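Colleague: Chains as they are written, first to last, in numbering that gives the first Met the number 0: chain L, 0 to 151; chain D, 0 to 301.
Derived by calculation from the structure, the hints in this document are not laboratory data.
Quantities reported herein were computed from a predicted structural model and do not represent experimental measurements.
We put the CB at the ideal spot given by N, CA and C, even for glycine.
Be aware that one or more of the hints could be misleading.
Stated by the list, open to error - On the chain L side, residues computed to face chain D include the following (Cβ under 8 Å):
| # | residue |
| --- | --- |
| 1 | Phe26 |
| 2 | Tyr88 |
| 3 | Glu89 |
| 4 | Asn110 |
| 5 | Lys112 |
| 6 | Ile114 |
| 7 | Thr115 |
| 8 | Val120 |
| 9 | Cys136 |
| 10 | Tyr138 |
Claimed, not checked - For each label pair, taking beta carbons as the anchor points, the in silico distance ranges come out as:
| # | chain 1 | residue 1 | chain 2 | residue 2 | range |
| --- | --- | --- | --- | --- | --- |
| 11 | D | Lys1 | L | Gln145 | 39 to 49 Å |
| 12 | D | Leu193 | L | Thr45 | 37 to 47 Å |
| 13 | L | Ser23 | D | Ile211 | 46 to 56 Å |
| 14 | L | Asn101 | D | Tyr203 | 29 to 39 Å |
| 15 | D | Leu193 | L | Glu97 | 16 to 26 Å |
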Amino acid sequence: MKETKQMSVSAIQNGTVIDHVPASNLFKVIQILGLDRIDNQITFGTNLESKKLGRKAIIKISGVFFEDKDINRIALVAPDAKLNIIKDYEVVEKKVVEVPDNIIGIAKCMNPKCITNFESVTTRFRVVSKKNVALKCHYCEKITNQENLQII
Amino acid sequence: MKNRSLVSIDDFSTEEILKILDLTKEFEKQPIRKLLAGKVIATLFFEPSTRTRLSFESAINRLGGKIVGFADASSSSVSKGETLNDTIRTVSNYCDLIVMRHPMEGSARFASEIATVPVINAGDGANQHPSQTLLDLYSIRKTQGKLDNLNIFMVGDLKYGRTVHSLMMAMSRWNTTFNFISPEELKMPDEFKLYLDNLGLKYYEHNDFTDIISRADIIYMTRVQKERFSDPIEYEKVKNVYVLRNSMLKNTKPNMRILHPLPRVNEIHQDVDNNPKAYYFEQALNGVYTRQAILCSLLGIK
Ligand SMILES: [Zn+2]
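Produce the entire structure from the sequences given, and follow the hints as far as they go.
Modeller: Okay, here's the thing in structure tokens:
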């Protein structure tokens, strides 16, 4: 069953498959991982049916293997993402993403009076809730939550 | 505490807070001491706050320090478009410590990260104003002889009042019971109540306080500002409910004291001023001693 689902986007020989990305956040994931700036072959499918997410997206990146700390950066926009590490057309490892304890330089502080929205400051947040993501700004100390989360 | 910055009251442990309060007591006994001789303190007020600035400058002068700086952004290079980053890096070269007030929230934390000298946050927008919190703590401890197990009434604008939020968070370290008295529109925000819930501390919310005033150890008054109301009629309805009058103080505890961060408008009637329970002017004086203690602690002089 699983195999046939994944076939809706063509298979890769070596690389990473990121599955269960919410379709609406596909391009945010691409942006956070910098996939729009690399030369590797990338295929993606979006608006695929998913029991859990409604509509999901899959990204297949040929020849790229992510470090945990890099891949966890997408947890804000794709908390249910599952990674399959592919070697020689076989899934050799499966990973899930985890919301990190600190978010640096990805999210925008929702407080219009926050200094990070005026000066060139790298944003920094402490994750105060991982389930319904809530981020406490290191600077203005205000909470940015899932509904008003904007990716820089 | 040497070379640390004071951005938020939470930056300091309970032990460190008590150390500053003890030092404040020393300065109250003997305020004029040349401990800052040869030191230059920058007071950068990107928005005007005469009261806070004068209190800091008085503290610095009494310690024999010299002051450089500006009282509002229009008289500084900021009006020429300089970034905060550049101002702080430059001014760091000219002084031993920076006292800063800035309208943007988080500006003090940012400044403390780029400055090469300690930074005291004298107010960053609606966020923090820790020297005010410390002087409030000092005033409470001085009048009550302790900080533990007190019943604190906070009255007025509890929604936007940065001072009451910081004081509430700080006092939550000492098993305080809180009574929040405010109009419906200006209630204590949920995030702060949640904070108290998590600590298991008791708090009560009221729209009026005439019936319960006899329970208070401290009444902390704040200004209810007309511009905070979406409906001006609502303001007219409640504006007199949150005014403290001398006649209301009859059945209050003998140890009870009234605090106010000042400036007051009309929320404390002038007939209260001569009541020995009125403490707001002494509270302002305590601010000078508290700031002397903060300056000397961060400079490692005391
Ligand atoms: Zn912020």
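Colleague: Determine for every hint whether it applies to the structure shown.
Modeller: Against the structure, the hints come out as follows:
no. : hint                            : in the structure
1   : Phe26                           : violated (29 Å)
2   : Tyr88                           : violated (49 Å)
3   : Glu89                           : violated (47 Å)
4   : Asn110                          : holds (6 Å)
5   : Lys112                          : holds (5 Å)
6   : Ile114                          : holds (4 Å)
7   : Thr115                          : holds (6 Å)
8   : Val120                          : holds (6 Å)
9   : Cys136                          : holds (6 Å)
10  : Tyr138                          : holds (3 Å)
11  : D:Lys1 / L:Gln145: 39 to 49 Å   : holds (41 Å)
12  : D:Leu193 / L:Thr45: 37 to 47 Å  : holds (38 Å)
13  : L:Ser23 / D:Ile211: 46 to 56 Å  : holds (51 Å)
14  : L:Asn101 / D:Tyr203: 29 to 39 Å : holds (36 Å)
15  : D:Leu193 / L:Glu97: 16 to 26 Å  : holds (25 Å)
The structure does not agree with the numbered hints 1, 2 and 3 stated previously, though it agrees with the rest.
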